[in-house]
Structure formats: C-alpha cells, structure tokens
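Peer 1: Chain order of the listed sequences is A and B.
The opening residue of the first sequence carries number 403 in our numbering; numbering runs sequentially from there.
The opening residue of the second sequence carries number 58 in our numbering; numbering runs sequentially from there.
Check before you lean on any hint, since a few could be wrong.
Computed beta-carbon distance windows for the label pairs [claimed, not checked]:
1) H108(B) / R522(A): 22 to 30 Å
2) R283(B) / R499(A): 24 to 32 Å
3) L313(B) / E436(A): 54 to 62 Å
4) R522(A) / G317(B): 31 to 39 Å
To spell it out: a stretch of chain A is covered by chain B in this simulated footprint if at least three of its residues, at any positions, have a beta carbon under 8 Å from a beta carbon of chain B; those stretches are [said to hold, decoys possible]:
5) 508-515
6) 587-594
7) 632-638
8) 868-875
It is worth saying that the hints were derived from the structure and are not from the lab.
Idealized CB from N, CA, C, for every residue including glycine.
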Amino acid sequence: MGGGVSRSAIDRESYSRDAWVRALIGLAQGERCESLPDAVAWPESDAEVARVLRYASRRHIPVVPYGAGSGVCGAAVPTAGGIVLDMKRMDRLVSLRPDDHQATFQTGILGQALEDRLARRGFSLGHFPSSMYCSTLGGWLAARSAGQCSSRYGKIEDMALGLRALTGSGEALETDVERTPDLGALLIGSEGTLAVITEARLRIHPAPELRLMRGYRFPGLAAGCDGMRRVMQLGLRPAVLRLYDPLDTLLASARGGGEAHLGRLGRVAAMLGPALRDRARSLVVEHAAAVGRALSAALGPARGCLMIVGFEGTRERAAAEEALGRATLMEAGGKDLGPEPGDHWLANRYKVSYQQSKVFAAGAFVDTMEVATTWDRLQSLYDAVRGAIAKKAFVMAHLSHAYPEGCSIYFTFVASVLDGQRRYDGIWSSALSTALRVGGTLSHHHGIGQLKAPWMAQEHGEAMKLLAAAKRALDPAGILNPGKFLA
Amino acid sequence: MPGSVEEIAALFARCGAEGYGVALVGPRFARRSARRRPVLVDLRRLDAVEHIDEVSRVVRAQAGITLAGLERELRARGLTLGPVAARHPALPVGELLQCPDAADRSPRYGRPTDACLGLHAMRADGTVLHWRDAPRKAAGPDWRALVLGARGEGAVLTAVTLRVYGLPEVVREAAYRFASRAAALRACREAVRREVRPATWWCTTTLAARLEGPRTIVAAEEQALRDAARAEGGRPAEPTARPIRPAAHLRWSELLRRGGAVSEMTLDGGCLHGRAAPEAELPGRITHAVDPKGVLC
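Model the full structure from these sequences, guided by the hints.
Peer 2: Laid out in structure tokens, this is it:
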C-alpha cells in the first residue's frame, strides 16, 4: 500500500467520525466513540483499492470509503469497524480535454485543489459547496452534493459524465452518462455502499469573463419566492440565487451578509461585559427556541427578505441575463440594493462552515437541514418544517438551489447541548416526518448517512428492495459501508 | 391494451404464471428482440393527463399518452414540452423516457429524462415503484436509472411527472453556410462557448439553429452566433430540414474527426446521426435483481 496502513490509536480515533453534529454533541459531552475502525489505509491507485476490497471481501471485513470527513449525516462513520479507505492520496488530474470541455480527476482530490487545477487552464467545474476547502470530489459524488452556483451549473450528478468505480469484490466498472441505462446514476448518491468511485469524468466550463452580484429586498418570503420562480422559469441561469427568510435576513443584515449564525448574538453579548455576557449567552443558548420565536414575532408583519443574486459567464450573456433578471425581480416586488450585498456575500461565502466550534464553545449546537419541493408547495413546506423545528430550537432559513419547477430550503437551527442527543433526535425526527408529510424531499444535497436512514423506506417504498438487490449484486459480501441505508 | 394499472398487474401476473414474457409495443421498443415467447403490450390506453400545475410548470400524465396529445393539453395552458413533441408526435411519453435517443435532447431544454421529476413504474411481480415528485434530491442512489432508458426491461412506466416550459416570447431561425463541415463545426463550438443554447440545432456544411426564449436573450444569442459564424467565413443561408435518425452523443474531438450530420451541440459534444448510441453493459446481476424471472423483455 503506497500510502500506508495504520492501526494506531490516534488514526483510528481520527477516522471514527465525520462532521455529523450528533456525534459532535456526544464528543462535547465527553462520550466515548463506539465506532472505531480497525485500520486506516491510504491507497494511491485503483489497483491498491481493488486489493483492499478483494482482501476484505474474502474475509467479510467492512470497508468504509472516506473523503475529507465533512459529511453532516454520519455516512462515513465506520459503525461496524473494519478498514477506512482514505481516498485523499488519489488526487490526480488524470486528463483534461479542453476542446471537449471535459476533465477526469481521481476522486480523492479536495474541492479547492480541483478548482485551482482547472483555473490554471482557464476552466471551472462550477461546483462550490460551502465545504469547498474540506470536502473531496468523491464525497460530493457519494452524497449528491450541490454547490452554491447550482442554479447555473447543476448539482454534481449533472457534471459527472462518466465514473470509474470498484465493486465490493474489487471488480472495475466504467459508466457513461450517454449509455442507457446509466449505471452511474445508481452509484452517485450511494454513499460508498455499492462501490468505491475512484475516478470521475466531469463537464467543465470556461472560467467566467464577468460576474455581476447584486442584492434585493423583498417585502416577504412569498414575494421573494415568486421572484425566484419567475427568473428560473424565464430560462435564466443565475449562478447565485438565494433568498433569506426574515430571521436570517435580520442576522445577515446585521453582520453585513455572511459569517456565523451565532456571530451576531455573540457580538451583542460581547458588548454586555464579561459577567452579563456570560449570563446573556447562556440565556440565549438555553432558550434558543423561545428567542427565535420572540424575534420572529418582533419582526412583525412587514418582514423584509434579503435576496442575493449573481450572474456570470461571457461578458455579453451575463450582462443580458443580469438586466432581464433585475427587471423581473423588481417587477416581482424586489427593491434593488445594488452590488454591495452580493459582493459581500461572495467574499464571505465559505466562512459560515468554519464557525461551528464557536457555537459549541458557547454551549450550543448548530445544524442544517435541506429539503426541496415544487414551487406550489414551497411555502407550506417552509411553514410546516419551520414550525416543527421552532418548538425546540432557534431556526432560520434561506432558499437556494432554484430550479424552474421548485427550490431547496436550507434550515439552520441552534439549540442548547444541555439535552444533547435527545433534543437533537427530537428535532430531526419531527422535522423530517413533517417534510415528508407535506411533500418535501428527505434531502436535497447532504445525503442520507445514519441520520436519515430510518426515513428511506418512506421516501422510496418498494424501490428499497430494488436497491437492496443492487447491493447484493455489486457487493455480494456486504462489506461496503455497512450499517447505513443499505445494510 | 391494458387501460389501468390494475389491468397491467393482472396481465403481468398471468404472464409470469404461464411462462410468457411481456414485450412492450412501440417503434423504439421494437429495436430489441424478445428473449421469451412474448405477449405484446400496448400502453396507449393509459393516456390521461392527471394534473397540470401551472405555478411549478409540472404535468403528471399516464405513460401511454402521445407527445402530441400531451402537448395539445399543455398548449391550451400556455405551456410546452419543448421541441421533442414536434419531432416525435406519435411517440408515447413512456416510450420516449424508457427508450431515449441521444438526439431527443435540446441544448435549451435538456434531455427528456432530465425533465422526469417523478414516476410510477410496475415490476413484473406487480409491485409499484414510486419516485416521489421533486425538483432534485439526495436521497440515495437514483434508481430511476433502472427504469428510464432501460427499454422496458425490469419495470414498465405507468405514469410520469414532467417539467414543462412556458411558450417562448420569441422564436428565431438562423442559418449559416460554410466552406466546409469542419468550419461549420468550429463555428458551432465557438457559439456554444459563447453560451448560445438553441432549442434545436444541427450542422453539416450549414449550421442551422432555432433560438427561443425572452427577446433580449435571443437577441444576445443571435449576435453571438453571427459573430462565431463570421469568424469561420459563414454566410447567412436558408434553414433546411434536419434528419431524424438514431444518433449517438460524441465529444467534440470525435465529431471533428468524423463526417455526417450532427445535432443538439452542447459544451461537451453533439449528436452524430446515423450512429446508434451504445447501450450500457449493466451487470447481469443487476438486471436479474430487477426482474428475477425475466418476464419483461
């Protein structure tokens, strides 16, 4: 094994979790990790991955593919021990075909490194998740990731034109989106349960010549939604289209557009002096749900919603789309705030992902939930899920990843760690059941992992048998990422 | 010709019990030969439009309705399926999705299978697969891949939910003639890079495009196409009819090497006509898993 194998305690501990908040709550409360792998391996080639898989398959040892550990649903946790395959040594640009607008990468490459490699040749993938610095191409594919510019460039499954993968028995598979049926669609989103994806051929785009960012204020969420819908149904392709609900708008406005969700509250607390600050912070944290409800009520009926919009591409096309987009949004009731809010958002767009530890330090946890539905159900999905979470946590939301027929809602919620995992489980159980009941999806781009696995039967019904059969076909020994949605 | 989902289930059960295969009837299904003695099944009686959501621009219809029939219902509401309806008016929507051809795509409207937001399909054992309607999801593997494009093997589409579109504000035809096919293709590739996304286009030594959409965007596309054509010596020409033959989507470097008509060019390539798209080698184990008795052929 070129990259080595380790059975050291520190490596096993390091690879015992990803960024699933439930596990982090346990960690904050001093719980011992019960999901230690037996070994960690760093393969450097397909041949080495295949060797591990063949070895493990013969001995029925679990194998868990691992990217950068930024998943928030517990998909990469080695719940049954075994071998963790850290793919990050497989980070090569295999080929770049500028004339065909295609590039093939090994899947262990980190997001920003991938984008840097393309930028040097004048291209971009167009995939910018907020975990850009700490997630890999393989992780994106495993979880069906979406980036902040998905309304223009699509989700990762729209970018992947072909995959190379190894089944549970180490057999190589090649997929091509132009062949039907497309086996790649089955592997993407399988979260390491059907195969280990080692290479992906991706559609790439010329780097944009022009980017035009802008902010708008809408009188309410419904008017903002209507504006988003109109823009998308005109066939425009904004790179960025985000609408913040009143509470998120309040905090975003106070912080200038970006930063952490508790940053504003923390700043208020800082002004109060040490003693008062500690008391205020603990009050806010302990009563996060009540604070959220009170703030929501205080905002009153004239609640404004901030929208961030960005168009990019060739100079002429971006300008034409931006002009039509602006006219459309203003016709829908938007007030043009100029470029500043958009530019500010762009400059700070990844920061929010790195504020979690501050929230934990304040005695709270923060988590996010992303669901999607069609435009006709969007407001009822928002109201229902928000209502379900608000009983137990401070909750705000923004709408992003818009499509002609619908949109994703991204809820952010904060609650005290005092009740720890019990409170956490209660929030998720209530929110997911509500989302499915009112026609929302189980997930839009974070994937399933352990967190949402219990709802998979409700989402897919009889098709779960189909997935189980595919699992038996591709991983007959059942070694790939056991204990997840495909046991 | 079953007229309901219940009738399909009863038919499948009987075929399974008596050792018959089931083969779907239709011009695209016919490309495959049946493995077993088949009972021919025509789904065109399943032709109801169940719901049109004008806000989300989504339609739910039974799989046997023809594209022309569905397009008629949509046009009455100011909506459209896009150019595929005019190309294959007699094709049932279920057949289009189960037997896609590379050239069904449109640079502006995408592939028909991409527009499928939800579906109901029946397996040979009578169980119903249901993909809940959603713009997108990240809820595990996309098992629709075992239905869409699977040519009726494994499961049969009975109803679908599709994205539909508003009728375009303006439509413009543009065509340019070039000294060589290579020059036409180079102009096309440059136009694609300049973000020209026509509803349809095709290329021999003439590059012809049908541009649709909001007036200002179409005007920007016309200008970009004109600039790209002139740079390769293209002169304005009359659009001519395009061939409708099976096609395979190839990357640009391959298209530039080969001869023939190419259509629906996008950033990563175009559809070369006269050459059928290869079918995937799904591991036999998966095919078997979907339809263990091999009833659907």
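Peer 1: Run every hint past the structure and note whether it holds.
Peer 2: Hints, verified against the model:
no.	hint	verdict
1	H108(B) / R522(A): 22 to 30 Å	violated, 49 Å
2	R283(B) / R499(A): 24 to 32 Å	holds, 28 Å
3	L313(B) / E436(A): 54 to 62 Å	holds, 58 Å
4	R522(A) / G317(B): 31 to 39 Å	holds, 35 Å
5	508-515	violated (count 0)
6	587-594	holds (count 7)
7	632-638	holds (count 4)
8	868-875	holds (count 6)
Hint violations for this structure: numbers 1, 5, all remaining hints satisfied.
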